[in-house]
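Engineer: Just so you know, the protein sequences line up as chains A and B, in that order. Going letter by letter, the first sequence gives residues 273 to 659 in my numbering. Going letter by letter, the second sequence gives residues 273 to 659 in my numbering.
Honestly, the hints are just simulated from the structure, not real lab data. Every clue listed holds true.
Here are the simulated SDA-like pairs of lysine to any residue, each with C-alpha atoms no more than 25 Å apart in a straight line: (1) A:K443 / B:P281; (2) A:K590 / B:R584; (3) B:K590 / B:R580.
Stretches of chain B that chain A covers, calculated by requiring three or more beta carbons in the stretch to come under 8 Å of a beta carbon on chain A: (4) 283-293; (5) 491-503.
Glycine is no exception: its CB is placed at the ideal position from the N, C-alpha and C atoms.
There are 2 protein chains.
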Amino acid sequence: MQNFTFYNPTKILFGKGQIGKIGKETKAFGTKALLVYGTGSIKKNGIYDTVVSSLTDAGIEIVDFPGARSNPVLSHAVTGIELARQEGVDVIVAVGGGSVIDTAKTIAVGAKTDEDVWKFFTREAAITGALPIVTVVTISASASEMNMAAVITKEQGAQKFSIRSPHIQPKTSILDPTVLFTLTPQYTAYSAVDIITHLLEGYFNNTEPDSILQDRIVEGLIRTVMESTETLLTERNHYNARANIMWAATLGFNGLTTAGMGVVALPAHMIEHSLSSLYDVPHGAGLSIVLPAWMLYVHEKRPAKIARFARRVFHIEKSTEIETARAGIERLKQWFASIGSYTSLADADIPDSDIAKIADNALALAKAWGLKDYTLVVIAEILKLGR
Amino acid sequence: MQNFTFYNPTKILFGKGQIGKIGKETKAFGTKALLVYGTGSIKKNGIYDTVVSSLTDAGIEIVDFPGARSNPVLSHAVTGIELARQEGVDVIVAVGGGSVIDTAKTIAVGAKTDEDVWKFFTREAAITGALPIVTVVTISASASEMNMAAVITKEQGAQKFSIRSPHIQPKTSILDPTVLFTLTPQYTAYSAVDIITHLLEGYFNNTEPDSILQDRIVEGLIRTVMESTETLLTERNHYNARANIMWAATLGFNGLTTAGMGVVALPAHMIEHSLSSLYDVPHGAGLSIVLPAWMLYVHEKRPAKIARFARRVFHIEKSTEIETARAGIERLKQWFASIGSYTSLADADIPDSDIAKIADNALALAKAWGLKDYTLVVIAEILKLGR
Numbered sequence: 273m274q275n276f277t278f279y280n281p282t283k284i285l286f287g288k289g290q291i292g293k294i295g296k297e298t299k300a301f302g303t304k305a306l307l308v309y310g311t312g313s314i315k316k317n318g319i320y321d322t323v324v325s326s327l328t329d330a331g332i333e334i335v336d337f338p339g340a341r342s343n344p345v346l347s348h349a350v351t352g353i354e355l356a357r358q359e360g361v362d363v364i365v366a367v368g369g370g371s372v373i374d375t376a377k378t379i380a381v382g383a384k385t386d387e388d389v390w391k392f393f394t395r396e397a398a399i400t401g402a403l404p405i406v407t408v409v410t411i412s413a414s415a416s417e418m419n420m421a422a423v424i425t426k427e428q429g430a431q432k433f434s435i436r437s438p439h440i441q442p443k444t445s446i447l448d449p450t451v452l453f454t455l456t457p458q459y460t461a462y463s464a465v466d467i468i469t470h471l472l473e474g475y476f477n478n479t480e481p482d483s484i485l486q487d488r489i490v491e492g493l494i495r496t497v498m499e500s501t502e503t504l505l506t507e508r509n510h511y512n513a514r515a516n517i518m519w520a521a522t523l524g525f526n527g528l529t530t531a532g533m534g535v536v537a538l539p540a541h542m543i544e545h546s547l548s549s550l551y552d553v554p555h556g557a558g559l560s561i562v563l564p565a566w567m568l569y570v571h572e573k574r575p576a577k578i579a580r581f582a583r584r585v586f587h588i589e590k591s592t593e594i595e596t597a598r599a600g601i602e603r604l605k606q607w608f609a610s611i612g613s614y615t616s617l618a619d620a621d622i623p624d625s626d627i628a629k630i631a632d633n634a635l636a637l638a639k640a641w642g643l644k645d646y647t648l649v650v651i652a653e654i655l656k657l658g659r
Numbered sequence: 273m274q275n276f277t278f279y280n281p282t283k284i285l286f287g288k289g290q291i292g293k294i295g296k297e298t299k300a301f302g303t304k305a306l307l308v309y310g311t312g313s314i315k316k317n318g319i320y321d322t323v324v325s326s327l328t329d330a331g332i333e334i335v336d337f338p339g340a341r342s343n344p345v346l347s348h349a350v351t352g353i354e355l356a357r358q359e360g361v362d363v364i365v366a367v368g369g370g371s372v373i374d375t376a377k378t379i380a381v382g383a384k385t386d387e388d389v390w391k392f393f394t395r396e397a398a399i400t401g402a403l404p405i406v407t408v409v410t411i412s413a414s415a416s417e418m419n420m421a422a423v424i425t426k427e428q429g430a431q432k433f434s435i436r437s438p439h440i441q442p443k444t445s446i447l448d449p450t451v452l453f454t455l456t457p458q459y460t461a462y463s464a465v466d467i468i469t470h471l472l473e474g475y476f477n478n479t480e481p482d483s484i485l486q487d488r489i490v491e492g493l494i495r496t497v498m499e500s501t502e503t504l505l506t507e508r509n510h511y512n513a514r515a516n517i518m519w520a521a522t523l524g525f526n527g528l529t530t531a532g533m534g535v536v537a538l539p540a541h542m543i544e545h546s547l548s549s550l551y552d553v554p555h556g557a558g559l560s561i562v563l564p565a566w567m568l569y570v571h572e573k574r575p576a577k578i579a580r581f582a583r584r585v586f587h588i589e590k591s592t593e594i595e596t597a598r599a600g601i602e603r604l605k606q607w608f609a610s611i612g613s614y615t616s617l618a619d620a621d622i623p624d625s626d627i628a629k630i631a632d633n634a635l636a637l638a639k640a641w642g643l644k645d646y647t648l649v650v651i652a653e654i655l656k657l658g659r
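Only chain A is shown next, with the shape it has when bound in the complex:
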């Protein structure tokens, strides 16, 4: 195990009926809140009303800021920053999934500085503060509710970049699994892919035998997410299946499974960001194209960990490590397809002729993230394996 710091001070309120506590939780950080949310689904399912009543009952003035979309964009966050400054809000309340929370995090940083907020994404400037953030999760996958990261796309140049800072770690996050009952089967599937990819990108970075403790946690979480997703295909309102996925999503990318494992490279996320920024493919759907392609690309040189995954998660055993690994990749693709996610560029209507363009876009992020092995040629090779 490598040296590490683990510090995750977000308070989680988990379960049925917890959303009504948002007012009290927010009150600890101020009396005027910017309410960040998406394109209105929370108005249909009643969550908006619950949140607004609770905030109002707690004596909090609300500045409404709807409109965050999936694959959130910089221009929208910048509008939010201006509004937050102009209104002098004390705290940001985010009600949504990763896109909404990441928009809120970007606003929280931007509202406390005169710097161009994009400079924090390109690492030209360092984050020194942010407004406090409180969240209500309505789509589980990103773990943004309990981590210090945010991802935003700058429309010009289609650059999907990220920030990391303890200042943007949410103070309190409310996770009510019943909120997920309204998620479509499609978005339930995309969320499962995203959670599993977070877990596997860490897992494939880890080196046995040093990673045995973390590996077992990851394997247990992946099997739980898979089983729960399968349950939800036939029983959409299964409370415990939703609860398992909601909590596994948070634990899967809040630092727990990677503590002691060094720097996590996230190459599948890196390449996927280009798919979702160039084509507006749902992030999870893009990942189920890229992750198996990446696994195929590396499996001959580094079969051991993929073979372990095949064994522990799918109980596959072939005569060689490479064959076991390959069968595991095939089974993972089948599983992604079985829940209704994409497994090829063709599924997303992306022509093979675009591969060079996608690779070119991804290269910028590879550079920003310091992934030196991912040259234009390598990224294109991986994308070809995902045709």
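Chain A is fixed; fit chain B onto it per the hints.
Structural biologist: Structure of chain B alone, referenced to chain A:
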């Protein structure tokens, strides 16, 4: 999954060479520290010097308070409370295992109130504040470094009681696995028993299928602790084995594995506390007597979870659930014996004729913890199964 709050804001600094950061971490909470430690082993292995230099370099005045023993006692903590008040310290630095950290937690509470500190243990008074606590862990088992609990024995009446409060959650804890290299095989074994018992007491409380996520984490941690302990029997300075045990100990009782699982009853800990308070048996050694006895007591009425444990941890499969459970209990006892821990009252030189006396002592704690099913007769029955 039941509703829960998860909030664990302790910062963990994990790894080789981290102890030198104790001064900087402590400085965040004041300039005068009560240094709480045990009976001097940290002076032999150099940890004391490292801690004192680091604190001194950070400009922190040290008030020395050695003498905490395993199964820490109230009178010693009260002396510490008086010293902390008299010297007006800002912060408590604990260097040791669970006994030292629990002594520090008790002092931290007592120093901030005029109330008799024992009233917080008997639940006659509620904790409203405490001095900040920073820890350096030298024996891993209790997870006291990352939780809000402390256990102390009042000598008069041999009452081993506990407190729980967010105020006593350590601010920062430093975990350096190399510190464990000097642990004797005996104490390595007792620590493993304590960690496994924390994990299993939660596990046996949980109800399938709602607990599938938590169960898998527990099973993974137990297997990791068992394998790592076996490695250490032959290779005492195996860094990764020590690191796995150190981190598993923390994760095993910091709220992670029981989040969403309701109230955890801890009957084996309850009964064991009487063994260690009446006979000064090491806590872990007492647990490896009581836990299998408790499992035997319940296995016919509630075989399912014990059978699952037998299956997942030991790969045992018999023709019935009860037989599988019973074989699992037998295997666990064998494993405890194989690492050199006690598995019967006789091993600890406790005569059968004392069972009534032990049960009588344990009954007081059963009442304090609200374990209504644990009458004098039931506790005595369990102890008889541990003869």
